[in-house]
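Undergrad: For reference, the chains in residue letters:
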Amino acid sequence: MIVAEAKPIEDVIAMIDRYDKIILAGCKECVAVCAAGGEKEVQLLASALKTARKTAGREIEIREVTLERQCDPEYVEGIRGFAGDYQAILSIACGVGVQYMAEHYKTIPALPGLNTSFMGGSIEQGVWSERCQGCGQCILHLTGGICPITRCSKSLFNGPCGGSSDGKCEVDKEIECGWQLIIDRLKTLGEFEARFTELFPLKDWSTSRDGGQRKIVREDLKQ
Amino acid sequence: MKTESRLEKVLEKGAFAVTSECGPPRGADPDVIREKGKLLKGVVDAANITDCQTSVVRMSSLASCLILKEMGFDPILQMVTRDRNRIAIQSDILGAAALGINNMLCLSGDHQRFGDHPQAKNVYDIDSIQLIMAVKKMRDEGKFLNDQELTKPPRLFIGAAANPFADPFEIRALRLAKKVAAGAQFIQTQCIFNLDRFAEWMREVVDMGLHERVAILAGVTPLKSVGMGKYMKNLVPGMDVPDEVIERLKGVEKEKQSAEGIKICIESIQRLKEMEGVRGVHIMAIEWEEKVKEIAEGAGLLPRPKV
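Chains A and B are the protein sequences, given in the same order.
Read left to right, the first sequence gives residues 1 to 223 (this note's numbering).
Read left to right, the second sequence gives residues 1001 to 1307 (this note's numbering).
The set of hints was computed from the structure by calculation and includes no laboratory data.
A couple of the hints might just be wrong.
[As the list claims (entries may be wrong)] Facing chain B, from chain A, some residues (calculated, C-beta under 10 Å):
1) G78
2) R80
3) F82
4) E124
5) G126
6) W128
7) C132
8) I139
9) L156
10) G163
11) D166
12) R185
13) F192
14) T197
15) W205
Here a beta-carbon is modelled for each residue, glycine too, at the ideal position from N, C-alpha and C.
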């Protein structure tokens, strides 16, 4: 899923300072799962913002909505009926959701309430970790199912570097050395000899963000 | 392909090579390099110029190399893949060769987290092994990484680093083998304080026959004090400083610790000289270049051979 976290409340308060009537829009997909932008977070944020504004002596009207998805035109259009009555849309979906709001409601400012962080999964209650950088050309079959681009702090294809110590990365003792993980896993799979000794060729980054904004067109699905 | 590298010639001759390094200044003063150069003149076969080591901004390696070259040195251009993509890397390789640089050390570089600009975006378009492959391809095939022909191949003696003390230990010799397969011709190792562990790595390297395919220059660093020893042990990633080295420094009076550090360094070189497969030493006297001569002299490495 796309993992995001709330911006500091002071930042959000400053962002909406010039508005007195806003829509606060959550999303029921990834950001709801990672407890950053679902229905519950919409309620909590709305009440925190109202309290802050009340304390400042200038009340704010907040219309709370949580869409099925903010990355889908059909659902984003769901607020068409009343969007024009508000001065801004504060979205606590991922960056995709904020931009979809901006694209659909061209005269209304769309504001980000979250910092969209990475593609990852949950490790335990309240902990999420990055797994994929969306390079557009998956090599996980060659690296024991562990992504060197994401898990190695230097994205080395022929790691580990000289900074790997006790299975940890030199960048931070909290970060596992991605290459230690890859080596351990290749050994478990009996693929170490075959895979590790091979020189990994240069990566073609043109399928990554480096090729410009990406788009997938499925002719078989187009109408 | 043979190059004009003095280091290559010294190694070819079968002599025990000596290299050292100069850290460029955090400013535009060329005299800092010249002063460091004077201290190394006649003492080393080649001198490395670091490339924004520890991710701290310094004068560029290529510019500093040229200043040393003007003084008659055969500099080793260090290049990290942290700050450059393949376009900039290939461009700098051509530029270096055009300016008469004969040696290049291919590195991935310290992560910017440790440096003075931790807010920077890193590049890592390619890694250190792929950098070796790039230089080799340009030199031996006369082609860019995209397989297009280039007009005049850069004649560079290709080096790489190895850290025998990083984890996992069991893959360290294998990783060296990858660097050799990629095209590395000389290796400069991480600072060696734990000679027993280095010997263990070296034995593996010899067993794999790698010492015959690549010239291994053992890295040494003189410790100035107990404090420096502790710092290296605890705070520098991938460094192995055994307790007995620290204890030995502690055993002498504070003002004699630096002399003891030099003594330890000389003894290390003497032991390294006897190890099978070690073809030279790389003396990294960190901001202490004035001691390189004393160390080389003490270890019986002077005068340097004429080639």
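Undergrad: Are the hints correct? Go through all of them and say.
TA: Results for each hint:
Taken as an interface hint, G78(A) does not check out: its beta carbon lies about 37 Å from the nearest beta carbon of chain B, beyond 10 Å. For R80(A), the shortest C-beta to C-beta distance to chain B is roughly 39 Å, which exceeds 10 Å, and the interface hint is violated. Interface restraint check for F82(A): the shortest CB-CB distance to chain B comes to about 41 Å, outside 10 Å, so the restraint is violated. Checking E124(A) against chain B: minimum C-beta separation of about 25 Å lies over 10 Å; hint violated.
About 25 Å separates the beta-carbon of G126(A) from the nearest beta-carbon of chain B, more than 10 Å, and the hint is not met. For W128(A), the interface hint is violated, the least distance from its beta-carbon to any beta-carbon of chain B being 21 Å, above 10 Å. Restraint check, C132(A) versus chain B: the minimum CB separation of about 17 Å is more than 10 Å; hint violated. Because the closest C-beta pair between I139(A) and chain B is about 14 Å apart, greater than 10 Å, the hint is violated.
For L156(A), the suggested interface contact is upheld, since its CB lies about 4 Å from the closest CB of chain B, less than 10 Å. Given hint, G163(A) at the interface with chain B, holds; its Cβ is 4 Å from that chain's nearest Cβ, closer than 10 Å. Taken as an interface hint, D166(A) checks out: its beta carbon lies about 6 Å from the nearest beta carbon of chain B, inside 10 Å. The restraint placing R185(A) at the interface with chain B is violated, with a minimum CB-CB distance near 13 Å, outside the 10 Å limit.
Satisfaction of the interface hint for F192(A) is found here, the shortest Cβ-Cβ separation to chain B being roughly 9 Å, below the 10 Å cut-off. For T197(A), the suggested interface contact is upheld, since its CB lies about 6 Å from the closest CB of chain B, less than 10 Å. The restraint placing W205(A) at the interface with chain B holds, with a minimum CB-CB distance near 7 Å, inside the 10 Å limit.
Of the numbered hints listed earlier, those contradicted by the structure are 1, 2, 3, 4, 5, 6, 7, 8, 12.
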